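Input sequences plus hints: build the corresponding full structure.
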Amino acid sequence: MTDYNQTVILNGVDDFTIFDRTFSWDDGFIGRLRARLDDGDTGFAELVIRNDIDIDLAKFNGDPASTMVIREEGTGDRFINLLRLPDGGSEVTLPETELNIVRGFEGDHDIALGQFVNFVQLGEGDDALRVSEGGRHAAMGGGNNIVEIAGGNLQNVKFESGDNTLILREGAFFESVQANDGNNTFVLEDGFGQLTFGSGSNEVTFARGYGGSITGYSNDDSVNSITLGGDAALRSLGVSNGRDTLTLDAGASIEQAQLGSGDDVAIVGQGASIGALGLGSGDNRLQIEGGQIDGVLAFGGDDVVRMSGQGRAEVLQLGGGANEVVTAGRFVQGIYTFEGDDRVTVGSGGAGMVKLDAGNNTILARGFVDAVVTFDGTDAVSIGGGARYVGTGDGADTLLLGYQGIALADAGQGDDLIRVGFLAADQGMRIEGGGGIDTIDMAFVGGDLDVTLGQGNFLEERGFYALSGIENLIAGRGADRLAGDGADNALTGGDGADVFVFDRDGGSDTITDFTLGEDLIRLDGVSSAAQVSFDRQGDDVLVGYFDTEILVQSVTVAQLARVDNFEL
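The sequence shown begins at 1 in my numbering and counts up one residue at a time.
For the record, the hints were derived by calculation from the structure and aren't laboratory data. What you are looking at is a predicted structure, and each value in this text was computed from that prediction instead of being measured. Among the hints, a few may not be true.
Estimated spans, in silico, between C-beta atoms of each pair [as the list claims (entries may be wrong)]:
1. Y389 - A424: 15 to 25 Å
2. E170 - I9: 32 to 42 Å
3. I9 - G171: 31 to 41 Å
4. V265 - R71: 42 to 52 Å
5. R388 - G517: 37 to 47 Å
6. A250 - N118: 32 to 42 Å
Straight line, CA to CA, 20 Å or less: simulated SDA-like cross-link-like pairs of lysine to any residue [stated by the list, open to error]:
7. K158 - T196
8. K158 - E106
9. K355 - E339
10. K355 - G334
11. K158 - Q178
12. K158 - E203
13. K59 - N81
14. K355 - R388
15. K59 - N100
16. K59 - Y4
17. K59 - T42
18. K355 - F338
19. K158 - G123
20. K59 - T22
21. K158 - A128
22. K59 - G89
23. K158 - I101
24. K59 - I9
25. K59 - R103
26. K59 - G123
27. K355 - F331
28. K59 - N11
29. K59 - F19
30. K355 - E432
31. K355 - E324
32. K158 - D190
33. K158 - E133
34. K355 - D370
35. K59 - A112
36. K355 - A322
37. K158 - T185
38. K59 - E46
39. K158 - E175
40. K158 - I146
In this text, a Cβ means the ideal position worked out from N, Cα and C, and glycines have one as well.
Now the structure itself:
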């Protein structure tokens, strides 16, 4: 039994011995260099390469396993066709030697190569490979491996299972890297061709240059992080299941990105851009912090999209779920959602189309919006910056309209409440109540109102209001004149000395807040008090004349049946 610990010089001239095996050079060449330990032996050898050498096969594996250090001194013309590393592990530093094939199936190997290498194949150990002039293919086994591409083009790298690290230095390149199961780290300081990783939790940092594609085949438990630096541009990103975080620093760009079905986060920094972004069926969060996305398509899930500064998405299409969208100071062409209780806030930049499917939706628009459309559900819509069209579908909806004018607001089916604010003198809004019992609240218009339902109303210095299909009217604090439209109307005057106007064909109407001694009822077409009847209806009084009935709430017959309460 022998324990070897030796240093061997390979200089192309002198004979040398490794583990009791002696080799001779033939004009600097050796065809077969095969050195291994005998049974029961242990050993370490340091091989030092000097001068010019040419070795066809250098093979040091076997059982029992040895360990080696293989290094160089000085310079020379050096070539090894096939280097088979010892099974006990090795440290190889060969900046000048050209290698065709390097193999090491067992043990931990630390390899640094300074010349182009065709093929490196390493096994189950925890291996490290550093190449300075690239290579054709590196196959890393199932351990926790490190590959550093310091220069040149290492065309293909494949990792088996394990927690692996790939480092691509500035100025270097790879065409394809594939990592299977494992928690992998990829540090990319320059452009590349294609990066693919499997299940596990992966971290990708891409600093600069142009990248072809990043593809992840993750499972539900995967947690992936992908960050693009400000000088990085990527053609395509696609990640499947798992929880993914995508971060684009200021100036970064991706032509197309698709995140998978997990709960994903995407952050787009100032000046960064994505052409098309797809979000899966999870509960996703998208933050556009001054960047730009041309189109966003999300499937089911409760998604949150927030824009800030100059951040914008040209078009947003979100799936079914309780979604939240907040835009900022730049115009957004379209916001679309499927069924769900959604909340959309349009910032000062405004929007083109906001279209929300069935659900109990909330829309708050500070900037101008071309069109707002909702479908079935109880919706709340507030338009502060004006709109060309607002349409709500079936359901008891609430609309707050002002102060910049609405070309047309259609409240649709359902018992809707429409609140309006004052307008500039040259502005107006057309409001259609649609089906149901609809109410318009004009208390925020201010001043003394003169409003008739079912027609246009010009309010001096406060704009023009065209009202149709609205049954109920609420006024504010002024001395208002209120009239119905011949249907069954409910009129509320609010504070101030109000006049409620009716005609003889006015239907069955209601005054909800008649103030004795202050408000008046005007009955057009009445020539004498005998044409008017008063009947008690619980706590209210029913006033009748011709085909008109008026229920005046919270008064008695004795209080109301006085001539000073009427304009006849």
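Checked hints:
1. Y389 - A424: 15 to 25 Å: 20 Å, holds
2. E170 - I9: 32 to 42 Å: 37 Å, holds
3. I9 - G171: 31 to 41 Å: With Cβ atoms ~35 Å apart, the hint holds.
4. V265 - R71: 42 to 52 Å: 47 Å, holds
5. R388 - G517: 37 to 47 Å: Given a distance of about 45 Å, which is inside 37 to 47 Å, the answer is holds.
6. A250 - N118: 32 to 42 Å: At roughly 41 Å between Cβ atoms, N118 and A250 fall inside 32 to 42 Å, so the hint holds.
7. K158 - T196: It holds: about 9 Å lies between the C-alpha atoms, which stays within 20 Å.
8. K158 - E106: 17 Å, holds
9. K355 - E339: Distance ~11 Å between K355 and E339 Cα, so the pair holds.
10. K355 - G334: Holds: K355 and G334 sit about 8 Å apart, inside 20 Å.
11. K158 - Q178: 5 Å, holds
12. K158 - E203: Cα-Cα ~17 Å, so holds.
13. K59 - N81: Holds - the C-alpha atoms of N81 and K59 are around 11 Å apart, at most 20 Å.
14. K355 - R388: 14 Å, holds
15. K59 - N100: 14 Å, holds
16. K59 - Y4: Holds - the C-alpha atoms of Y4 and K59 are around 17 Å apart, at most 20 Å.
17. K59 - T42: Cα-Cα ~17 Å, so holds.
18. K355 - F338: 9 Å, holds
19. K158 - G123: Roughly 12 Å separates the two Cα atoms, so the pair holds.
20. K59 - T22: 14 Å, holds
21. K158 - A128: 13 Å, holds
22. K59 - G89: Judged against 20 Å, a Cα distance of about 13 Å means the pair holds.
23. K158 - I101: Roughly 16 Å between the alpha carbons, so the hint for K158 and I101 holds.
24. K59 - I9: Within the cut-off at roughly 16 Å; holds.
25. K59 - R103: Holds - the C-alpha atoms of R103 and K59 are around 9 Å apart, at most 20 Å.
26. K59 - G123: 16 Å, holds
27. K355 - F331: OK: K355 and F331 at ~16 Å, within 20 Å.
28. K59 - N11: Between K59 and N11 the Cα gap is close to 18 Å, so the pair holds against 20 Å.
29. K59 - F19: Judged against 20 Å, a Cα distance of about 13 Å means the pair holds.
30. K355 - E432: 19 Å, holds
31. K355 - E324: The hint holds at about 13 Å.
32. K158 - D190: 19 Å, holds
33. K158 - E133: Between K158 and E133 the Cα gap is close to 18 Å, so the pair holds against 20 Å.
34. K355 - D370: This hinted pair holds, its Cα atoms lying about 11 Å apart.
35. K59 - A112: The hint holds at about 18 Å.
36. K355 - A322: 14 Å, holds
37. K158 - T185: At roughly 14 Å apart (the allowed maximum being 20 Å), T185 and K158 satisfy the hint.
38. K59 - E46: 14 Å, holds
39. K158 - E175: Given that 20 Å is the threshold and the Cα spacing comes to 11 Å, the pair holds.
40. K158 - I146: 12 Å, holds
The structure fails none of the hints (numbered hints given earlier).
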